[in-house]
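Can you make the complete structure from the sequences, with help from the hints?
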Amino acid sequence: MDGERPRRDRRVKALLTVEGLTKAYPGVVANDRVDFDIAEGEIHALLGENGAGKSTLVKMIYGLAQPDAGRMTLRGQPYAPAGPGAARASGVALVFQHFSLFDALSVAENIALGMETPPPMRRLAARIREVSETYGLPLTPDRLVGGLSAGERQRVEIIRCLLQDPRLLIMDEPTSVLTPQEVAILFATLRKLAAEGTAILYISHKLEEIRSLCDRATILRRGRVVESCNPREKTAADLAEMMVGAKLTAPSRAGGNPGGVVLEVSGLSLPSANPFGTSLRDVSFSVRAGEILGIGGVAGNGQDELLDALSGEAAVAAGAVRLRGQPIGALGPGPRRRVAVLAAPEERLGHAAAPDMSLTENAMLTAAIREGLAARGFLKWPAAKAFAERVIAAFDVRTPGPGNAARSLSGGNLQKFVIGREVLQRPEVLVVNQPTWGVDASAAAAIRQALLDLAASGTAVIVISQDLDELMEISDRFAALNEGRLSPPRPAQGLTLEEIGLMLGGAHDMEVAHVAE
Amino acid sequence: MIRLEKRPQPSRAWTVATPLLAVALTMVAGGLMFALLGKDPVVAIRTIFWDPLFHEQFASYSRPQLLVKAGPLILIATGLSLGFRAGIWNIGAEGQYIMGALAGAGVALALYPLDAWFLFPLMVLAGALGGWAWAMIPAILKTRFRTNEILVSLLLVYVAEQVLASMALGLMKNPEGGGFPGSRNLQHYPAAANTELIAGTGMHWGVAAAFIAVIAAYVLLTRHILGFQIRLAGQSPRAARFAGVNPNALVVICLGLSGALAGLAGMFEVAGPAGRVNIGFNQGYGFTAIIVAFLGRLHPVGILLAGLLMALTYIGGELAQFMLGIPSAAIQAFQGMLLFFLLGVDVLSNYRIRLGRRRIA
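Just so you know, the protein sequences line up as chains A and B, in that order. In case it helps, numbering that gives the first Met the number 0 puts the first sequence at residues 0 to 516. In case it helps, numbering that gives the first Met the number 0 puts the second sequence at residues 0 to 360.
One or more hints might be untrue.
Part of the chain A face toward chain B, derived, beta carbon under 10 Å [said to hold, decoys possible]:
no. : residue
1   : Ala352
2   : Pro354
3   : Met356
4   : Asn361
5   : Ile368
6   : Gly371
7   : Leu378
8   : Leu501
In short, the hints are calculated from the structure, not lab data. Values in this document were obtained by computation on a predicted structure and should not be read as measured data. Think of the CB as a built atom: it goes at the ideal place given N, C-alpha and C, for glycine as much as any other residue.
Put into structure tokens, the structure is as follows:
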């Protein structure tokens with residue numbers, strides 16, 4: 000796959016050198032004397048857990064934050080960008096993890112918006128076509144962004160950057176929203192760019208990707224550079240240990256045999272509430288007691304809508320969702336909790352939990368019915384506090400106490416609280432969306448173990464996730480959401496990455512890519 | 000360099016201290032304004048804040064006025080605060096106040112001169128229903144057609160004012176009034192009059208209702224599931240849906256409650272201190288109550304204190320106009336400053352101020 004690239008010869012000197020860069024935020028030193036350098040034509044990985052300081056470093060390089068100490072040198076000149084405009088003028092471009100595109104505008108219009116002096120629309124469209132063909136990034140300039148897949152949106156952002164002819168291209172978690180096939184297209188583009196001398200700073204926590212793509216890796220832990228290595232010479236386990244600073248144990252499972260069908264979804268259709276959302280179309284599946292059904296899919300293919308339909312936030316036809324044969328589709332969230340169908344949505348702050356409320360109040364949020372925290376409309380706060388304390392203790396939530404606001408917790412700790420709150424209510428069915436998104440490795444491992452344990456105790460568990468590794472690790476069966484349709488579930492064991500990619504609906508994109516190349 | 004830094008969670012100390020700080024800043028800025036008008040600022044501030052309660056000559060008159068003015072403000076503001084907490088913005092309490100007064104007075108005038116024990120309770124019921132019904136218009140339009148309750152409730156104030164004028168000049172006009180606009184004086188109709196409960200204190204049924212409302216709202220917000228849902232819906236609407244809150248039901252409940260309390264306030268006013276239905280009967284209590292609600296941080300106890308403070312600035316302001324010749328516009332500006340500073344220093348409970356360059360922790 001690699002080895003055919005003519006590069007090392009041009010690597011005479013560093014393109015960007017960072018020395019002793021330090022940046023502190025209240026209560027945390029995000030970057031502590033960070034040194035690293037990147038050469039022309041090099042694909043350099045920046046590796047670390049959430050909160051290790053990757054984003055802060057990138058922000059300083061891109062002029063979004065100013066360092067407290069240290070200095071940067073770009074092509075031998077001192078480099079201290081006052082803002083993103085200055086960074087772009089120096090040839091530094093950034094593709095964000097979250098796209099900043101307007102759904103109601105076309106691809107070309109979106110790109111023009113980001114330019115200081117946009118050329119006439121016709122010429123710009125021609126340029127976009129040219130660049131997209133050169134780098135194998137199929138894209139039609141006059142399509143509305145609202146109708147594009149996540150992979151296509153990312154291409155808009157990449158082409159926006161490439162039009163500036165950057166010397167250094169920074170990619171922040173670029174593959175988190177892509178299918179395996181889209182990842183392959185992206186990697187081919189990045190390799191081509193590198194071969195032409197563009198330096199690429201590649202930020203990720205996906206170890207296998209980094210091992211296949213990158214020449215060098217700088218590993219950050221708690222704001223410090225702990226290691227700099229050639230990732231190809233290390234195993235993924237080595238890299239993970241450097242990143243976390245401790246040995247990780249893979250979740251263990253009892254391997255029990257599932258019981259009878261608990262939840263049955265048949266012919267579930269749900270029009271999306273917003274014009275650029277995804278409507279669910281004729282979704283059917285069933286989950287048995289003690290089984291984990293993994294639902295994969297690229298973001299924006301109906302995951303949120305599916306969770307809403309299962310949690311009761313969106314009412315659907317009564318018979319579309321059945322619990323042990325009883326129709327529950329028309330029930331709201333409260334009545335569904337009463338029959339032990341529980342859910343944990345993706346967005347921790349603002350959906351699963353109220354940010355400014357205490358953990359006690361957030362315990363009341365979903366546990367009032369099943370834990371008997373209310374009697375004739377009046378709330379039993381001491382009982383809610385005791386329940387919150389139980390969740391905190393059982394799930395090792397790091398917080399001074401249940402009186403603290405949800406927003407004061409780190410992502411991993413809050414996620415443990417949110418999952419634990421549902422698990423301790425003894426659900427018959429638990430639906431979780433992105434249970435470990437943005438969560439550090441040890442918390443993610445704890446959450447996966449909790450889901451496995453819950454299934455082992457006889458609960459039917461549905462895990463909606465974009466993290467395929469996670470789904471393969473814990474699912475008994477796997478299904479994929481694509482444009483609101485669910486593929487028939489298949490046993491997870493023995494599925495190859497290619498088969499999964501086809502299930503995710505990547506086949507269509509592959510064809511386009513071949514035509515363009 | 001001054002920077003604002005978000006606190007991990009709101010500071011309790013500052014939440015309590017900011018209203019006091021706002022009052023202090025209002026005194027300083029207001030004093031400056033009075034000085035520029037050529038009045039002695041110390042005397043002006045003392046006339047507004049101190050004399051209404053403790054002046055040997057005026058206090059006997061103005062002290063009861065405190066409860067008379069504060070009663071409707073507290074009653075209305077308590078109702079509004081429930082909606083505001085849930086992110087439902089009833090700006091039309093003034094209109095609901097008028098309609099409550101018209102409904103309450105309408106019952107009394109229709110049954111005149113019936114002398115029965117149940118007349119006054121019936122008026123109370125009618126007053127609450129009048130305000131409730133007027134608030135249901137924005138509620139239904141919002142839940143059915145997604146209209147903006149701020150605009151609808153506000154514009155209905157002006158409709159209510161026209162209804163009031165028409166009643167004062169037509170249907171409810173005093174047949175023995177010699178052709179002058181305005182209804183019979185309910186204070187002279189014993190079965191319908193909302194009289195002082197304890198002589199010389201200004202304490203009437205409306206003030207008692209305000210105190211009851213404060214206690215009920217406190218219990219509702221801290222102990223009852225509806226209060227929890229109101230707070231949840233205001234803080235994170237999506238989490239509220241997840242918790243099973245029906246947003247439309249909440250709109251109807253909150254607008255209905257605030258409308259009913261505003262209607263009650265209007266009814267107690269027309270049967271008591273005001274006495275009659277007349278053009279200009281509404282004196283802006285419904286709008287001032289919005290200030291009171293925020294001045295009290297949407298907390299029942301805070302609203303109780305804020306209502307008393309606001310009533311004090313009203314009475315003191317009148318006194319200052321009368322004694323020192325301060326123009327009424329300056330008094331209104333002074334009251335405006337209070338809200339301005341309150342909202343301004345509010346930032347301190349969620350943020351802390353850092354001076355100078357940030358240091359490395």
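Here is how each hint holds up against the structure:
Hint status for alanine 352 of chain A relative to chain B: holds, with the closest Cβ pair at about 6 Å, below 10 Å. Proximity of proline 354 of chain A to chain B holds as hinted, the smallest CB-CB distance being about 7 Å (cut-off 10 Å). A hinted interface residue such as methionine 356 of chain A counts as satisfied when its beta carbon comes closer than 10 Å to some beta carbon of chain B; here the least separation is about 6 Å, so the hint holds. The interface hint given for asparagine 361 of chain A holds, since its Cβ lies 8 Å from the closest Cβ of chain B, which is under the 10 Å cut-off.
Proximity of isoleucine 368 of chain A to chain B holds as hinted, the smallest CB-CB distance being about 8 Å (cut-off 10 Å). The beta carbon of glycine 371 of chain A is not positioned within 10 Å of any beta carbon in chain B (closest approach about 13 Å), and the interface hint is therefore violated. Checking leucine 378 of chain A against chain B by beta carbon gives a least distance of about 6 Å; that is within 10 Å, so the hint holds. Proximity of leucine 501 of chain A to chain B is violated relative to the hint, the smallest CB-CB distance being about 34 Å (cut-off 10 Å).
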